[in-house]
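According to this note's numbering, the residues represented by the sequence shown are 393 to 1036, in order.
Treat the hints as calculated values from the structure; they're not laboratory data.
For lysine-lysine, the following DSBU-like pairs were computed, each having C-alpha atoms within a straight-line distance of at most 30 Å:
1. K501 / K968
2. K818 / K741
3. K709 / K736
4. K952 / K523
5. K968 / K952
6. K709 / K632
7. K760 / K736
8. K523 / K974
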Amino acid sequence: MSERCKKAIFVNNFYDLAMTTPTHMFENKSPRMIELLAPARNPATAIAVIDHGADAVYMGASSHGARRQAANSVSDIASVVRYAHKFNARVYVTVNTIVYDNELADVEKLVWQLYRVGVDALIVQDMSLLKMDLPPIALHASTQCDIRTPEKARFLQDAGFSQLVLPRELTLREIAAFRDATTVPLEAFVHGALCVSFSGDCQASFVLTGRSANRGDCAQICRFVYDLEDSEGNCLVKGKHLLSLKDMNRIASLGEMLEAGVSSFKIEGRLKDENYVKNVVSAYSRTLDNIVRASNGAYRRLSRGVVEYAFTPELSKCFNRGYTDYFLHSRRPSGSMASVDSPKWTGEKVATVVNVMSKRAIVVRADKPLANGDGLGYFNASGRFVGFRLNRVDGNRLYVASDIDPRRGDAIYRNSDMEWNRRMEKQTARRFVSLDFRLRATENAIVLEASACEGVSVAVSVDFSPQKASSPQHEYRIRALGKLGDTVFSLKSMTDEMPDMFVPASVLGQLKRDVVAAMQAAYDSRYAFDRRREMKPDLTLPHSVKISRHDNIANRIAEKFYGELSGNDGKLTMPKAVEVSKCNDREMRVMQTRYCLRRELGACLATADGRQLPSPLFISSGGNRFRLDFDCANCVMSVIAQRK
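Put together the whole structure using the sequences plus the hints.
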């Protein structure tokens, strides 16, 4: 492919789906650069996702990265930058927590350090970064910026953001409206865990535990067990994970998302292990390659390089709570989008219990082969998922590592496949840039020319007068020039125009080293950074934006920024984030979500079945009680904390 030297390997129905995309989708469209954006908790994972086909990687810095367990030093990030840029892949760093006053100088210093090592962009939410003394590094508006409307998106673009991370809740039609209102690339999540609340507008963790989600320390209140109650405290639903959503999976809708205006496809999971992201990135990269291939030049992948895979990705093999495409196709989707029975990964059904021999031995009817070391589980009589490790398989008998108490007929699920894990721990992909060599001789020199994708070509020479050889030299020269060592290049073909003249291996080795260095230098010289956009001089707040504590203002610079845009020259006090303010309200909205518990339970108030559940409704957990408010006109549910 001229637009991107990357091999497309077509496997399973998801990938083939991209090849059946109607050609009319691509008519009259200008070529658009698209990227697959993958998470990394550390440098090793970052390099792995690049090797498996990602066009860009995002990772946390040493602080303010919204995932405390995924922090990385500047020197580690620099090593990732050096590797990624060889494939024209980008490195984005998350600095997307809110920033306190006493941290402003440290954040500013951190940004300069990241800029100096070549980071391509920062993903941020705190508006103070727009007013700091920063280098011209590109800024991307995080999903924590809560970009719910096209007007808010346009405002952030005009404020200087180069890319906008859209809320997960948007439909395709809504995404298209954002596209029409903006000119910068739009980034959307396609896979991974879902926050039940609109991103950036969840104060539940902080209000209940003092741990702030906007400071990278979410207590995951949405994964708790809740009882559903009426106003009298009568229990309507007992002990379910009523706010715990399934995981997102939009691999079958990438073409539609492209048409709607998405240019960056984001995989969630900076806390996930390397095997997870290798599997998911490979699946999505192959699918995007097929779409690009079918687009007749409408789309181009951002990065370069051929990827050879040593495995077939299977999304069912990696952590998930069940899959949903969320609201992508409808504001009122049918079917379940929550995982109310367990927030854990239960896995795929692999067997059924036939008999219980003891607390550590059961007889099963297996649907799939099982292996020693598999992670299995079942739902007990109380409805709780119980996980255990399989020690030994003996025919249809399973001997396990801990006491269990399943019943006859219980389904056994597998959430850790030992054979799959062993396969994934090996080298599962290799990425390289293919080179075509041409070797020729002049009167007093030998010339080696190299060409690759994107029309890049170089030539090097060494002074040497070859002597006639007594045997054919072509195969010898291919072997000498074809091994490109630990570089990112690989020899695809070689045209040998030299006669059978003897050239020492040392001379060929020097030619090879010189041509590889020249090719890398040529690509390095073409690398283009996306620099910071200028803020629009007459920037004003959209009429639809009313500043409140939900805007997460946590420092004096952000307060002044919003104050000036509100027309008061920054002199009036702006509402502060809950993390830095004292709020004594007896009731506080701690979540707002398009996920509706009534709809999930089949009792939407817009239907006749809505009468199944009374009004108002409450959820309680561990002594905490929340009222649920339903805005049916806008199809939004709010979770209200009630303080004693």
